[in-house]
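Asker: If you read the sequence shown in the UniProt record's numbering, its first letter stands for residue 1, the second for the next number, and so on.
These aren't lab readings, by the way, just hints derived from the structure by calculation. As the structure is a prediction and not an experimental result, all values here were calculated from the model. Take these hints with a grain of salt, some might be off.
Said to hold, decoys possible - Beta-carbon label-pair distances, calculated as ranges:
{"id": "1", "residue 1": "Gln284", "residue 2": "Leu320", "range": "56 to 64 Å"}
{"id": "2", "residue 1": "Asn119", "residue 2": "Ser48", "range": "32 to 40 Å"}
{"id": "3", "residue 1": "Glu34", "residue 2": "Lys262", "range": "43 to 51 Å"}
{"id": "4", "residue 1": "Arg380", "residue 2": "Asp151", "range": "21 to 29 Å"}
{"id": "5", "residue 1": "Leu297", "residue 2": "Asn245", "range": "30 to 38 Å"}
{"id": "6", "residue 1": "Asp211", "residue 2": "Lys116", "range": "52 to 60 Å"}
Unchecked claim - Taking lysine to any residue and the SDA-like style, the derived pairs with C-alpha atoms no more than 25 Å apart in a straight line are:
{"id": "7", "residue 1": "Lys237", "residue 2": "Gly291"}
{"id": "8", "residue 1": "Lys262", "residue 2": "Ser187"}
{"id": "9", "residue 1": "Lys237", "residue 2": "Gly62"}
Idealized CB from N, CA, C, for every residue including glycine.
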Amino acid sequence: MTAAEMLERLVGFATVSRDSNLDLIAFVEGYLDEHGVDHWRVESDDSSKANLLARIGPDVAGGVVLSGHTDVVPVDGQPWSTDPFTLNDKGDGKLYGRGTCDMKGFIACALAELPKWVNLELSAPLYLALSYDEEVGCIGAPRMIEILMADHPRPAAVIVGEPTMMQPVVAHKGATNLRTTVTGRASHSSQVDQGVSAIHVAARLVTKIEDVMAELRAEGRIDEAFNVAHSSLHVGKIAGGTAINIMARECTFEWEIRHLPKDRFEDLIARVNDYAAELEIEMQRRAPEAGIVTEALNVTVPALADDNNAEVLGLCRELLGEQPSGAVAYATEAGQFQRVGLPTVICGPGSIRQAHQPDEYIEIEQLAAGTRFMQALGRRLASR
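Full structure from sequences and hints, please.
Answerer: In structure tokens, the structure reads:
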């Protein structure tokens with residue numbers, strides 16, 4: 001099976017994060033069984049989703065982990081010109097479908113090469129680490145990483161196959177999703193002194209969140225390796241109020257912090273929380289029941305730092321040719337692997353510019369480049 005044929009099978013599973021990925025996992029398990037590859041399913045708490053860890057080659061230390069997530073983002077409301085869950089070749093050198101670049105293309109390249117890997121005398125193993133719920137906070141990977149570290153000889157390197165146009169990436173920002181709920185006091189809008197508008201207070205807090213970014217820039221908290229060179233804070237959703245002539249009792253907004261490797265999430269949210277505490281005191285002078293509560297929607301996804309990665313970066317350059325390394329603003333599971341001491345880089349086919357878009361695609365040449373990388377990786381581990 002070619003990488004394109006494998007990609008067609010993978011895209012056909014509508015593994016949107018809100019839904020199960022078990023049909024895809026079962027397909028891959030059957031494929032691994034056909035080729036005599038050992039594998040381990042690591043399920044979610046409710047068993048509706050699963051990670052899949054597989055090992056090709058000897059049960060020894062020093063292997064290479066190829067990590068990819070199986071979930072994709074929704075297509076709701078997007079103007080697709082084709083069925084997003086059917087791989088489409090329009091003859092323009094691109095393969096269209098949800099997840100083609102982010103990031104089933106990488107997984108397809110690895111699975112397509114697997115039948116050749118099993119016939120090589122590998123001196124160190126190749127691991128496939130397929131996760132769930134990466135798109136909603138890198139939720140699935142940590143329990144799979146725990147199993148990898150506890151039950152298997154220590155790997156030497158991790159390559160996370162997010163789309164980088166097959167150029168190694170050595171750093172990314174951390175990410176935390178948050179929800180803030182502002183509770184005020186409702187009143188008739190003609191009697192503004194009787195109530196506390198949750199919407200008005202939330203608006204002031206939203207503005208402060210943006211102001212924090214300006215503060216960071218003014219303080220010189222910059223890393224030019226990133227195209228957005230500072231930690232970013234962004235409000236993506238807001239809702240509140242019941243009628244135009246009622247002062248809103250409640251307003252809720254969802255936001256995120258994406259922090260540089262050298263910044264700490266705790267320090268950044270403290271700036272927002274300190275201002276929220278000031279607003280809360282002001283609100284409670286008029287309405288003692290008023291308040292502001294912020295909750296994290298996911299465990300903070302750790303940043304990937306450009307550190308302790310010389311060997312895996314050297315491996316990528318050996319297989320790809322001399323390539324410049326870079327940094328990306330999006331978060332991945334790479335920081336989670338690095339956090340347990342595994343040298344990690346990001347490198348995969350496709351461009352992040354196509355990720356999450358309607359008519360998402362991967363260039364056929366990028367899929368071919370991913371295949372060449374997998375072929376070279378197998379030869380490298382067989383030549384030690």
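Asker: Assuming the hint says 52 to 60 Å, is it satisfied by the Cβ distance from Asp211 to Lys116 or not?
Answerer: holds (55 Å)
Asker: Do the beta carbons of Asn119 and Ser48 sit within 32 to 40 Å of each other?
Answerer: holds (36 Å)
Asker: Just tell me: holds or violated, for the beta carbon distance of Arg380 and Asp151 against 21 to 29 Å?
Answerer: holds (25 Å)
Asker: Between Gln284 and Leu320, is the Cβ distance one that fits in 56 to 64 Å?
Answerer: Since the Cβ atoms of Gln284 and Leu320 sit about 59 Å apart, the hinted range of 56 to 64 Å holds.
Asker: Hint check: Lys237 vs Gly62, CA-CA at most 25 Å. Holds or violated?
Answerer: violated (45 Å)
Asker: Looking only at beta-carbon atoms, does the pair Leu297, Asn245 fall within the given range of 30 to 38 Å?
Answerer: holds (32 Å)
Asker: For the pair supplied as a hint, Lys262 and Ser187, confirm whether the alpha-carbon distance does not exceed 25 Å.
Answerer: Roughly 46 Å between the alpha carbons, so the hint for Lys262 and Ser187 is violated.
Asker: For the range 43 to 51 Å, tell me whether the beta carbons of Glu34 and Lys262 fit it or not.
Answerer: The hint (43 to 51 Å, Cβ to Cβ) holds, given that Glu34 and Lys262 are roughly 46 Å apart.
Asker: Please work out if Lys237 and Gly291 have their alpha carbons no farther apart than 25 Å.
Answerer: Between Lys237 and Gly291 the Cα gap is close to 20 Å, so the pair holds against 25 Å.
Hint check: violations occur at hints 8 and 9; the rest are consistent with the structure.
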